Amino acid sequence: SQKIEQNSEALNIQEGKTATLTCNYTNYSPAYLQWYRQDPGRGPVFLLLIRENEKEKRKERLKVTFDTTLKQSLFHITASQPADSATYLCALLLNDYKLSFGAGTTVTVRA
Amino acid sequence: DTAVSQTPKYLVTQMGNDKSIKCEQNLGHDTMYWYKQDSKKFLKIMFSYNNKELIINETVPNRFSPKSPDKAHLNLHINSLELGDSAVYFCASSHISEQFFGPGTRLTVL
Chain C
1 SQKIEQNSEA LNIQEGKTAT LTCNYTNYSP AYLQWYRQDP GRGPVFLLLI RENEKEKRKE
61 RLKVTFDTTL KQSLFHITAS QPADSATYLC ALLLNDYKLS FGAGTTVTVR A
Chain V
112 DTAVSQTPKY LVTQMGNDKS IKCEQNLGHD TMYWYKQDSK KFLKIMFSYN NKELIINETV
172 PNRFSPKSPD KAHLNLHINS LELGDSAVYF CASSHISEQF FGPGTRLTVL
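Chains as they are written, first to last, in the numbering used here: chain C, 1 to 111; chain V, 112 to 221.
Isolated chain C (complex conformation) (with noise of 0.2 angstroms):
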């Protein structure tokens, strides 16, 4: 069956450090991936998209790699800030229309 795991539940880092989150998937093919940022309460709003053809993305202090030999994605957070703080969501296209998300990972950026 088609599976997409976050690598952990939590991650705590300290202010200025680089958080990098994990994306693994099995038996999914996706054209592209992408990741969300949801804080508490909220809607989950789109930060970044990689296509299967792509190695890596950036934006600002994000940067996503995507390896579709792995399996994997991995998404960094440079110069952490506490603003940072948040849950992190990645999620597969499986066709024209459907995402599937994975669990996602809690960060706290503590200052």
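Hints are computed from structural coordinates only; laboratory data are not their basis. If you're wondering where the values come from, they're calculated on a predicted model, not measured in any experiment. The C-beta atom is built at its ideal place from N, Cα and C for all residues, glycine as well.
Listed next, the in silico DSS-like pairs over lysine-lysine satisfying Cα-Cα at most 25 angstroms (straight line): (1) K120(V) x K147(V); (2) K3(C) x K155(V); (3) K3(C) x K147(V); (4) K178(V) x K98(C); (5) K178(V) x K155(V).
Distance windows between CB atoms, simulated: (6) K17(C) x I207(V): 31 to 41 angstroms; (7) D129(V) x K55(C): 45 to 55 angstroms; (8) K163(V) x K98(C): 10 to 20 angstroms; (9) A10(C) x G139(V): 34 to 44 angstroms; (10) A83(C) x T118(V): 22 to 32 angstroms; (11) K152(V) x Q81(C): 17 to 27 angstroms; (12) H184(V) x A10(C): 34 to 44 angstroms; (13) I166(V) x S8(C): 32 to 42 angstroms; (14) A79(C) x N190(V): 45 to 55 angstroms.
Could you slot chain V onto chain C? The hints should help.
Positioned in the frame of chain C, the structure of chain V alone reads:
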């Protein structure tokens, strides 16, 4: 200028009741979705409409019925509510890939 809005934000009701959640998007998107997020924060697709046509219908009890009167609106009606229906329900819309989510409706069934 809310892109995707949902009403109500909170809904508390008794088991067995029927309730509706409304969603509207002003982004001009063709596709709209309903997701359920349970207590473990797992976000799962329920339904999707494209240009008022149902294109995704996951394994959801038939007590749940979506309705799309036009491209900008997607409502969710739930009959005979059960305790297990308690969750946060999110509406979303998309044009191509990126999805825009509403603020969510927290449904509590007592």
